[in-house]
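Asks: The task is simple: from the sequences and hints, build the whole structure.
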Amino acid sequence: MEREAKAVVQKQAMKLQLIHVPFGLGAGRAGTELGPGDILHAGLVRQIRNLGHDLADDVWVSCADKPAAAPAPGERLKHFAEVAEMSRNVCTEVSAAVESGAFPLILGGDHSIAIGTMAGLAAHYPSLGVVWIDAHTDMNTEATTHSGNMHGMSLAIALGKLRSFSYADIPGAGPSIKKGNIVMVAARDIDPGERELIRKEGIACFTMHDIDRLGIHAVMEKALEIAGSGTDGVHLSFDIDSVDPVEAPGVGTPVRGGLSYREAHFALELLAESGLITSMEVVEVNSLLDPSGRTARLAVELIASMLGKRII
Numbered sequence: 053m054e055r056e057a058k059a060v061v062q063k064q065a066m067k068l069q070l071i072h073v074p075f076g077l078g079a080g081r082a083g084t085e086l087g088p089g090d091i092l093h094a095g096l097v098r099q100i101r102n103l104g105h106d107l108a109d110d111v112w113v114s115c116a117d118k119p120a121a122a123p124a125p126g127e128r129l130k131h132f133a134e135v136a137e138m139s140r141n142v143c144t145e146v147s148a149a150v151e152s153g154a155f156p157l158i159l160g161g162d163h164s165i166a167i168g169t170m171a172g173l174a175a176h177y178p179s180l181g182v183v184w185i186d187a188h189t190d191m192n193t194e195a196t197t198h199s200g201n202m203h204g205m206s207l208a209i210a211l212g213k214l215r216s217f218s219y220a221d222i223p224g225a226g227p228s229i230k231k232g233n234i235v236m237v238a239a240r241d242i243d244p245g246e247r248e249l250i251r252k253e254g255i256a257c258f259t260m261h262d263i264d265r266l267g268i269h270a271v272m273e274k275a276l277e278i279a280g281s282g283t284d285g286v287h288l289s290f291d292i293d294s295v296d297p298v299e300a301p302g303v304g305t306p307v308r309g310g311l312s313y314r315e316a317h318f319a320l321e322l323l324a325e326s327g328l329i330t331s332m333e334v335v336e337v338n339s340l341l342d343p344s345g346r347t348a349r350l351a352v353e354l355i356a357s358m359l360g361k362r363i364i
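So the sequence shown is numbered by the working numbering: it starts at 53 and just counts up by one.
These are computed hints drawn from the structure, not numbers from a lab. Treat the hints with care, as some may be off.
Stated by the list, open to error - Pairs of lysine-lysine residues, derived as DSSO-like cross-links and limited to a Cα-Cα distance of at most 30 Å, are as follows:
| hint | residue 1 | residue 2 |
| --- | --- | --- |
| 1 | Lys252 | Lys130 |
| 2 | Lys231 | Lys130 |
| 3 | Lys213 | Lys230 |
| 4 | Lys213 | Lys130 |
| 5 | Lys118 | Lys213 |
| 6 | Lys274 | Lys252 |
| 7 | Lys252 | Lys230 |
| 8 | Lys230 | Lys274 |
| 9 | Lys67 | Lys361 |
| 10 | Lys274 | Lys231 |
| 11 | Lys130 | Lys230 |
| 12 | Lys231 | Lys213 |
| 13 | Lys252 | Lys231 |
| 14 | Lys274 | Lys67 |
| 15 | Lys274 | Lys213 |
| 16 | Lys213 | Lys252 |
| 17 | Lys274 | Lys361 |
| 18 | Lys67 | Lys230 |
| 19 | Lys118 | Lys130 |
Replies: The structure is reproduced here in structure tokens:
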């Protein structure tokens, strides 16, 4: 992809499609299903319009808000049926947004929504690049998960590493994501099984140690080089728990030592300037854990930075 040519397009007004996914059954705590509404109430539409972008009609994906049945004895994946149904619905809506020529902006919900997001994107970008900014790597499988929560398996599913669920089970989905097209940023809480899989597959993973050592500018330049090399689109999956809980307290799985306020903004500003990003999702805002709404407001600010907002 030609970064210079794309950057000119990115500075112009875009047509955005907001896709709301009020789903929380992939996580271990209630509250993320409220994320899309909380982000809207924090002023997202106003920010988007102030930046000069066009908005298509909002899409609200139909999602289960409670389990249909109790889990079977010995079941390893919690709420599997509900996650699978949600993923199929998200895939359909994301694919339709791309077909319409819009930039899909997906609001979660927990990070299991990324299963459907990337499945739908891959139908249009067969060599999709992925920048995964998250305190976690979400690379667990049936064999390695301790919790059974499927928001911790999204990238493993994208890579085709689960036996029980893959993109082949999602109508209209594209191919699995190529491991060389994925780059993780801000990871700092990685399970042993995830660590082994990341090393085995040779997936690029810039931890907070790397950010401390190299600086956020160098890390994001490397991330863009990896995700943008030989790919036909680049998806940004942004988990708000990548930011330190001092700044983002409303998350279900907080981990100390995350991105600072300015590091997070600078990372998204660099992604915007690259012109490579063709879709974005923001997940894991949980206002039940932050009644002040501070985390939702931060999500709006960070989305604005990704969409071109600058200090001057």
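Asks: Failing hints, ascending?
Replies: Of the numbered hints, all hold.
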